[in-house]
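With the hints as your guide, set chain B onto chain A.
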Amino acid sequence: MATISLKKLTKIYGKAEVIHGIDLDIADGEFVVFVGPSGCGKSTTLRMIAGLEEVSGGEIRIGDRVVNELDPKSRNIAMVFQNYAIYPHMTVRENIAIGLYTQKLDKDEKAKRVENAAQLLGLTDFIDRRPAALSGGQRQRVAMGRAMVREPAAFLFDEPLSNLDAQLRAQMRIEIKALHQRLGSTIAYVTHDQVEAMTMADRIVVMKGGHILQQGRPMDIYSNPVDVFTARFIGTPSMNIIASEYASGAVSGNGGSPILLGVRPQDLHVGTTTDVGAGTGLSLSGPVTAVEPLGPETLVHFRVSGETVIGTAPATEIPPVGTEVTAHADPAQLHRFDAETEKALESL
Amino acid sequence: MTSATETPGLAMPRINPKAIVRWTILFIGGVLMVTPLLYMFSTSLKTPGQIYDLRLIPAEPTIANYLEVLREGDFMRWFINSSIVAVVVTLSNLFFDSLVGYTLAKFQFRGRRFIFIAILSTLMIPTEMLVIPWYLMSAQFGWLDTYWGIMFPGMTTAFGTFLMKQFFETVPDDFLEAARIDGMNEFTIWWKIAMPLVTPALSALAIFTFLGNWTAFFWPLIVTTSKELYTLPIGLTSFAVEQAIRWEMIMTGAALATIPTLVIFLVLQRFIVRGVMLAGLKG
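Chains as they are written, first to last, in the numbering used here: chain A, 1 to 348; chain B, 1001 to 1283.
Just so you know, the hints here were simulated from the structure itself, not pulled from any lab data. Don't take each hint at face value.
[Stated by the list, open to error] Below are the DSBU-like pairs computed for lysine-lysine, each with C-alpha atoms no more than 30 Å apart in a straight line:
(1) A:Lys15 to B:Lys1106
(2) A:Lys15 to A:Lys73
(3) A:Lys104 to B:Lys1192
(4) A:Lys73 to A:Lys177
(5) A:Lys112 to A:Lys7
(6) B:Lys1192 to A:Lys112
(7) A:Lys343 to A:Lys73
(8) B:Lys1192 to B:Lys1106
(9) A:Lys73 to A:Lys110
(10) A:Lys73 to B:Lys1227
(11) A:Lys343 to A:Lys7
(12) A:Lys104 to A:Lys73
(13) A:Lys107 to A:Lys73
(14) A:Lys73 to B:Lys1018
(15) B:Lys1018 to A:Lys110
(16) A:Lys8 to A:Lys73
(17) B:Lys1192 to A:Lys107
Bound conformation, chain A alone (with noise of 0.2 Å):
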């Protein structure tokens, strides 16, 4: 295993300058989850570290060595990709076994380390079956496999549960976290499901715009997001964010400047206008737009000033579509941002 090391990173296509110089490092067996939208620069640097994509500026450690002008192959590292790259005209022991293409072992070692391999993610039932026979978490298997044979210094997965279903998704987020949990590896993990990446990682990366907005432990980020952007993007459903002029009760000031508020819906309670303790906190009132009844909680959409805020009530508290309802926050749960630059300001 070893570290992984980003310094200044920079990447340009043409002249577009897409990654603005990025600077990370991630520890030895760490497991860091990039998040971040469509086209934010988490795959293409992902594929920087693999080697997949020409570094344009600034420098990538594996280990103690700089592998900037290295190949793919000499970085000593295995990528799983989102749509598994599993070869179809070959079994699951060939495919796994072409891991091991390159080194120098002997037949008999290659043959037990592509059969453990295949025991530690139960493929052994199928291991001469071809990938068409396999089931989507299967193929998704076979690719960790193929990666996991060679053991190598880090593992990179580009939105490798991308192509499953929800049920299966759940599933494999698991077993990748029980497998980093046993070998201890370092892993660079890209995806755009915050879902992924707040039950996954040791530490989070947010990324836009070819830049790192925050990074840290998952429940860092969620309790403390360093700007809307993170706030809205990490926790689902997102982050609600009001004007502050719209709330009432709220705690202002920001040298007399206009503030943003930001509150989760797990902390905006729903209720009656009569149970909302007023006078404390954030209270919000509007008509009800739409609910969701989730079996533990309902969430309860309403209008404010124009707005859709989500909310949560108890389950069964269902209100009507049309209602009027108010929903509180203590103080304690907001969080307020500069309506300007959007960027957090001390917590209140």
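This is chain B only, laid out in the frame that chain A set:
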């Protein structure tokens, strides 16, 4: 009013006028294609006296023509010559066309588009225009009346390169990048990963090239002078020139020459159809 639909089980199938026209045209086309083939086999089973008796089934069928053609020493020689030429040229096209097609499809380099257009533009030059330079070149290099002289113009083709390029473009880059990370060199990636993924295209190209060279007439006629180097189509004409048009022998030779192409077509016809369809779609 009575209606067939009122009586379940006696329903008349609905007749679609468009389908009638379509099937009629296809039937006429089929008859036009198959009739000469049937007459070829039929004539090969006739004696010289029955040649102009146009009955499809000969009155007194005989295999004497086949025995005579096979006893004729040169026929097997021509058969072997045609086999050598068709097989070598086919293998060469499979190798070089796919290598060039892969390079044009999967690598970015300056002049790539120009090279592709230049290769494609050679499709517009008729063979008749190329024969004189080919002949002069062959004469100067001493290739006249040699196997290499027959084969060299077809060792790679623009059509094959175009076909393979179109197919390789459908191979996802992830496969190739995964192989790069796994440590394969570019040639191995082409050979072990990309080539197996375009098997339908390779099959189609193999069939087109084999058939084209098996039946080639014009260039082999010009470049060969000795009977030992004749290919089958050239050899068959000698039945006409030297033996005053022995139709039954020409048809027997042609029937024997058709067998390999029929076998190849029957075995690989699904690839031909798929190859033509995909080449059309991607083109």
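Legend entry - Lys112 of chain A paired with Lys7 of chain A [C-alpha distance capped at 30 Å]: violated (39 Å)
Legend entry - Satisfaction of hint between Lys1106 of chain B and Lys15 of chain A, Cα-Cα up to 30 Å: Holds, because 23 Å separates the two Cα atoms, which is no more than 30 Å.
Inset, instruction - Measure nothing beyond the straight line between the CA atoms of Lys343 of chain A and Lys7 of chain A; if it is 30 Å or shorter, mark the hint as holding. - result: holds (25 Å)
Legend entry - Straight-line alpha-carbon gap Lys104 of chain A to Lys1192 of chain B, limit 30 Å: Given that 30 Å is the threshold and the Cα spacing comes to 19 Å, the pair holds.
Legend entry - Holds or violated: Lys1018 of chain B to Lys110 of chain A, with C-alpha atoms at most 30 Å apart: violated (62 Å)
Inset, instruction - Mind checking the alpha carbons of Lys73 of chain A and Lys1227 of chain B for me, to see if they're no more than 30 Å apart? - result: Violated. Lys73 of chain A to Lys1227 of chain B sits at ~56 Å, over the 30 Å cutoff.
Legend entry - Proposed proximity, Lys73 of chain A with Lys343 of chain A (alpha carbon, max 30 Å): Given that 30 Å is the threshold and the Cα spacing comes to 41 Å, the pair is violated.
Legend entry - 30 Å limit on alpha-carbon distance, applied to hinted pair Lys73 of chain A and Lys1018 of chain B: Roughly 60 Å separates the two Cα atoms, so the pair is violated.
Legend entry - 30 Å Cα cutoff - pair Lys1192 of chain B, Lys107 of chain A: holds (19 Å)
Inset, instruction - Starting from Lys15 of chain A, check that the Cα of Lys73 of chain A is at most 30 Å away, please. - result: Holds, because 29 Å separates the two Cα atoms, which is no more than 30 Å.
Legend entry - 30 Å Cα cutoff - pair Lys1192 of chain B, Lys1106 of chain B: At roughly 15 Å apart (the allowed maximum being 30 Å), Lys1106 of chain B and Lys1192 of chain B satisfy the hint.
Inset, instruction - Decide if the proposed pair is consistent with the structure: Lys73 of chain A and Lys177 of chain A, CA atoms, cutoff 30 Å inclusive. - result: Distance of about 25 Å is within 30 Å: holds.
In the structure shown, a violation is registered for the earlier hints numbered 5, 7, 10, 14, 15, in ascending order.
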